[in-house]
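Undergrad: If you read the sequences in order, they're chains C and H.
Going by my numbering, the final residue of the first sequence carries number 484, and the count climbs one at a time with no gaps.
Going by my numbering, the final residue of the second sequence carries number 484, and the count climbs one at a time with no gaps.
Mixed in with the good hints there might be a few duds.
[Stated by the list, open to error] In silico PhoX-like pairs for lysine-lysine, Cα to Cα no more than 25 Å straight-line:
(1) H:LYS454 to C:LYS210
(2) C:LYS180 to H:LYS173
(3) C:LYS454 to H:LYS471
(4) H:LYS173 to C:LYS454
(5) C:LYS212 to C:LYS471
Derived from the structure by calculation, the hints contain no laboratory data.
This structure is a prediction, so every number in the text was calculated from the model and none was measured.
Chain residues, written in single-letter form:
Protein chains: 2
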Amino acid sequence: MIIEVGDEILNDLKILKGNFIFTKEKDFFEIHEKSFLIIKNKRVLGIYKNLPKKYEPIKVKDYKDAIIIPSFVDLHVHAPQYLQQGVGLDLELIDWLNKYTFENEMKFVNENYAKKIYSAFVKDLYDNGTLRSCIFGTIHNNSNQILIEEIKKRKISAFVGKVNMDQNAPENLLQTTDDSLKETIEFIDNNSKEDLIKPIITPRFAPSCSLDLLKKLGDLSVKKKIPVQTHLSENKDEVKWVKSLFPSNKNYSDVYLKNQLYGMEKTIMAHAIYLEEEEIKMAKNKNVYLVHCPDANINLSSGIMPVTKYLDMGIQVGLGSDVGAGHMISMTNTIKSAIQSSKIRHIFNNNERILTESEAFYLATKLNGSFFGKTGSFEKGYLFDAIVIDSNQNVIKELSPLEKLERFIYCGDKNDIIARYLEGEEV
Amino acid sequence: MIIEVGDEILNDLKILKGNFIFTKEKDFFEIHEKSFLIIKNKRVLGIYKNLPKKYEPIKVKDYKDAIIIPSFVDLHVHAPQYLQQGVGLDLELIDWLNKYTFENEMKFVNENYAKKIYSAFVKDLYDNGTLRSCIFGTIHNNSNQILIEEIKKRKISAFVGKVNMDQNAPENLLQTTDDSLKETIEFIDNNSKEDLIKPIITPRFAPSCSLDLLKKLGDLSVKKKIPVQTHLSENKDEVKWVKSLFPSNKNYSDVYLKNQLYGMEKTIMAHAIYLEEEEIKMAKNKNVYLVHCPDANINLSSGIMPVTKYLDMGIQVGLGSDVGAGHMISMTNTIKSAIQSSKIRHIFNNNERILTESEAFYLATKLNGSFFGKTGSFEKGYLFDAIVIDSNQNVIKELSPLEKLERFIYCGDKNDIIARYLEGEEV
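Whole structure, please, built from the sequences with the hints as guidance.
TA: Laid out in C-alpha cells, this is it:
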C-alpha cells in the first residue's frame, strides 16, 4: 500500500528523532534538541521541533537522549600504514619513509597480508564513524582491489588511489613510468562504475615521481576528469629536496601545477606547512584542499600548519588522520588535535588565533564532505550521512547535547557510536 | 599442605607467564619475552626465561601473547572535574577556573552528586590501569570521604587531598582560615590508618590561600609528616598575579618554600612551566616532583614544560593527566602527549631534545611510582603493580611485544587491559 499525502509518497520517507547537531556555518553549532529529521531519497528533507501532522503515519526511529551528528570524512589516510600506528615515531619524515614505511608497503605484494591489514583498517574506519575517506593504497593493484572490496563490504564510501612511484624509493616499490601509468589506467577503468567508491590519481609526492610520470598523470586526470591527491610541503628537508630535484619550478606547488595535477580537477594537497606566500595565494585561487594532519605533523616533528591563517584567507582547509604517521584513525581525535595545534601556534605567536571547536568540527564534516558532494551537514538537500552517539556512562546524563558532543570529541570513543547512516541507509 | 623447597614456602608464591616490559632505567625498555615472573609477599622475586625446577609445583598463570607492564601512576588529577573533560577549553586558566571549575566544584556540597561523579571517576581510573594516583578533592570533607570510599571499593591506591581555599574564589567555595585548617586536620586524622589510601595536604594554589593559611598548612605538614601537592607556575597571568599577591617573596616557588610547603615532605608541584632559573635549581635541590601535564597545558593555552631540560638537570619530573583541564584520564594518552609536547618544543627550538618513548613510559611508571614507594618497575623487591594488555584485534598478532606496547600507548584503550594487579593481588 502506498501512503500518499498531497503529492508526497510517504513510503519513501524515514524519520529519526533525537538531538541533532551540525555546522551549517563554521562559526557555530546548530543544535536541534529532541527534534524530528525527515529523510527523503537519501537526503535531508527537513528538521522539525514538532512533527508536521501529515507525517504522523510514518514510524519514527527515536534515539531519545542520544546526539546525532554528520558522520566524519577523512581527507588523508594511508591504508597500508594501518599497523604502523605508534611505531617508529622517533624519526622525521624522510628517515621514517625509508626505515619503516617503504619496508612495510613492500609487504602488500602479498594479497593475504593485504587482506588481513585492509579488513582491519576498513573496520576501524567504520567503527570510528568515518564513513567517507580519501585513501592511499600502494603501488600493487591486486592489493588495492582487495582494499576496495573491503570498503564495499562495509557499505561505506571512499576515493582510493593506486600509488605512483618511479624514482627515489627501494627497487621493489618502483615501477617503470609506463607500467605505473598503465596500471593507473587499469585501476581507474576497473573502478569507475561504483557509486560509493571512486578512483583518485595518487602520485605519492613529487620526489617519488619523474617529471615524465607527473606529466602523464596530469594528462590522465584532465582527460578522464579524475581528482588528484598527493603530499605537499610537510617537512623542511623535503621542501629543500624538491627544490633540488625540480630546479626549474618556482616552488613545490608549481611542480604539481605545471603538470596539471593542481586544481584542474578536485585536488587534495596533504600537509602544506611550509608554503611560500605565493603558494598560499595559489591554493586559494585554484581552490585546492589543503589538508591539515595535526598528529602526523607533530609525531614526525614536521611542524604545524597555520590553519586559522589559511581559513581566514578563504582557503579550503580539510582535516586528515594521516594514519600511520597519525596514530589514530578517529576523526574526533583529529578535531581535538587540530584545536590543540592551533593553541600551540597561539602560545608561540599571540597574533595567531585559535581554531574554535565548531570550526574544527565543520572541517571534519561539511568542508571535508564537500569533496564528496553535498554531505557533512543536515541542511535540506544534503545526503543523510550520520552517526548516533550515546555513551553508556550513566554520568553523561548530566550533560547538555552540546556538552555530550564536546565530551565525545575529547574523550569519547568508537564504543559510544550506536548507529551509522550513509545516504539515508543504516550501515 | 605447605609445599616447601629449601627455606622457601612455595604457597606464598605466585607465578605469571607472559611478555614483561618495564623501564629500570629511563633510556631503554627491558623486555622479557615469554618469561616467568615470580611474586612473593606482594613483591617481585625475579623474572626467568626458564622456570627454575624448584618452582615447578606452583601453578602458572599464563597470559600467552599478552604484554605485562607496570600499572600507571597519575601524579596530578582533579576528581571533581571529571565531568568537565572537553568542556570549556576555549578559555585560559583564570577564566576557566572562574567560569567553569569553581561553579562545578560548588556542586560537591551535595553528597549524592559527589557519589555519582566520584564513582564514575574512580571506575575510569581503574579501567584505564591507573592504579595509583594523587588526587585533588574539593573543600567538602563529606564528599572527599565519599571519594575515598569509592577508591577503597576498587581496591586501588591514592593520595587524596582536601582542597584548601580561604581567598580569591566564590564565597561558597571559601572557608575561614581556621575552618580550612581544622577540617584538614580532621581529614588527615580520619584517613591515616589505611594502607593504600593516604591523605595529602592540598592548598589549591598560592592565590587561593592567605599567607596565614599557607603557614599553618606548612606547619601541619611538617608536624604530621604529611606530603604536599599544589600548583606552580602554569600560566603567565597566574605568575604575575602571584607576584602581586606575595610581593615579599622572591618568586612563585618561594611562596611555598617560605611556608614549609616545598620539599620538607614529599612534594608535588603541578605544571612548573614558567620557572625562573633559580626556581629550577631549587626544584632539584629540594627534590620536589615537578609534574608535567601536557594536555591540560595545551588545552588551556598555558604553555609547554621544558621536560627534557628538567630531566637532564636531574629533576624529578612526573606526569599527570590533570583531568579536567586534561581531557583524558588515560596515562597512555599522557605519555603520548608528553612525547608530542617535547617534539613541539623541538620544532620551535632545535636545541631542545625530544623525550623518548622509554623516558615518557618511565615517568608514568617508575618515577611517578616512586612517590608511593617501590612500585612502577618489575625489578626484584618492587611491589608487583601491573596491567596485562591483550588487544582482541587479530591483526595485532603481527607485532613484537615492544610494538604491541607502542601501539597500546598511541592508539590502544582501556578495553585492551585484561587484568590488573596491585601489590601482587589481582584487583
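Undergrad: Among the hints numbered above, which are violated by the structure, and what are their numbers in rising order?
TA: 2
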